[in-house]
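**Q** Line by line, the protein sequences give chains A and B. Under the working numbering, the first residue of the first sequence carries the number 72, and numbering increases by one thereafter. Under the working numbering, the first residue of the second sequence carries the number 72, and numbering increases by one thereafter.
Source of the hints: derived by calculation from the structure; they are not laboratory data. Just so you know, these numbers come straight off a predicted model, no measurement behind them. Take these hints with a grain of salt, some might be off.
[Claimed, not checked] Okay, the calculated beta carbon distance ranges per label pair:
| # | chain 1 | residue 1 | chain 2 | residue 2 | range |
| --- | --- | --- | --- | --- | --- |
| 1 | B | GLY250 | A | ILE74 | 55 to 63 Å |
| 2 | B | LYS93 | A | SER185 | 41 to 49 Å |
| 3 | B | MET207 | A | GLU196 | 56 to 64 Å |
| 4 | A | ILE74 | B | ALA205 | 49 to 57 Å |
| 5 | B | ALA247 | A | GLU201 | 53 to 61 Å |
[Claimed, not checked] Covered stretches of chain A (in silico footprint by chain B; criterion: 3 or more residues with CB under 8 Å from a CB of chain B, positions within the stretch not fixed):
| # | stretch |
| --- | --- |
| 6 | 131-138 |
| 7 | 210-223 |
Idealized CB from N, CA, C, for every residue including glycine.
2 protein chains.
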Amino acid sequence: MDIEQIKRLRELTGVGITDAKKALEESKGDFDKALAAMRKKGLTKAEKRGEREARAGVIGTYNHDSRIGVIVEVNCETDFVARNEIFTGLVKDLSMHIAASAPLYVSEDEIPASEKKKIKGEFSEKAKAEGKPADMLDKIVEGQVKKYFAEKCLLEQPFVKNPDIKVDEYIKEHIAKLGENIIVRRFERLALGEVL
Amino acid sequence: MDIEQIKRLRELTGVGITDAKKALEESKGDFDKALAAMRKKGLTKAEKRGEREARAGVIGTYNHDSRIGVIVEVNCETDFVARNEIFTGLVKDLSMHIAASAPLYVSEDEIPASEKKKIKGEFSEKAKAEGKPADMLDKIVEGQVKKYFAEKCLLEQPFVKNPDIKVDEYIKEHIAKLGENIIVRRFERLALGEVL
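Isolated chain A (complex conformation) (with noise of 0.2 Å):
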């Protein structure tokens, strides 16, 4: 079990760390699938109580031309940094590059083990039917996955507005500015008449 996966887990769900370790041993350590399960549990438990997690930070949208939709849900520890320029003028870059970059994922905890597995094969017959060397062959399908992936994530994609860095890059800059610890906790995007 990955330290990062429960920690990511309990940012995203609010959990204890028993709970989350046991949905990823349940889930035997699929990231995607124990927080399916979380988020069945939460759900229950948010209708039964009428609650709702307290948490500070912005819900941002952003609309290209009516043809792409984002909405982004960023948090910060206070409602007073939530309500600072700063804060709100990153949470319109991230909706923005969202937009633009068409991300599928935070990062790359939230990729299923099934989807991973499914990659790696891809990659894997391709280099064999290419006659790649059976010695190097291990190595070069790992390189490409995580590039597959890191082009996928968030968090691992180069900022539009500066694409010398990465948005996570960004985002520390904004943690250092704010002296608050900053998470993307979650996004969503439509294009209109994709082909899902």
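Chain B: place on chain A using the hints.
**A** Chain B alone, transformed into the frame defined by chain A:
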């Protein structure tokens, strides 16, 4: 197999009737599973061919107080209608409605069979525990399940700006006005700090 399910699956994915039927057969009538399977196929196809299915309409977004964000895709038949302000007004109304009423599905067809079964089981146990007469049980539970899901489906909800009519009827009024079919294809709604 439900003809409405086939119809809706085709609307959502743009596939032919044979493919839609096949997907529903393979998923044993589980609409959600069939849709997921088609999406998988659709995505692969789109990635390979670099294609996007042509579809007129508008992506609407709505942001309530930086606390609730909504994206909705509403399709019509022509770009001409997509630019009409009666149509864009409808999209705006729908996005505000979704923010306020928090539906989970567009229509009942989207509810996974597993979820239906689960909810039915819960109402059934509750009715038994309450000592409802055995010969009335099925009818009582059926009514409760129907009501429960109607509250969670956008098209069945009372329209927030005029609760005398359902959202479905409000859309039909616009179909009559504009002379084109109008379909709410999908939506996303995120609220700040909600437990998922």
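**Q** Could you run down the list of hints and mark each one as holding or not?
**A** How the hints compare with the structure:
Evaluation of the 55 to 63 Å hint for B:GLY250 and A:ILE74 yields a pass: the beta carbon distance comes to about 59 Å. Evaluation of the 41 to 49 Å hint for B:LYS93 and A:SER185 yields a failure: the beta carbon distance comes to about 22 Å. Range check, B:MET207 to A:GLU196: about 59 Å between beta-carbon atoms, so the 56 to 64 Å window is met. Between A:ILE74 and B:ALA205 the Cβ separation comes to about 53 Å, which falls inside the hinted range of 49 to 57 Å.
The given range of 53 to 61 Å is respected by B:ALA247 and A:GLU201, whose C-beta atoms sit roughly 58 Å from each other. Chain B is given as covering the stretch 131-138 of chain A, and this holds because 6 residues of the stretch bring a CB closer than 8 Å to a CB of that chain, at least three being needed. With 0 residues carrying a beta carbon less than 8 Å from a beta carbon of chain B, the stretch 210-223 of chain A misses the three-residue requirement, and the given coverage is violated.
Figure legend: structure checked against the earlier numbered hints; hints not met, in rising order: 2, 7.
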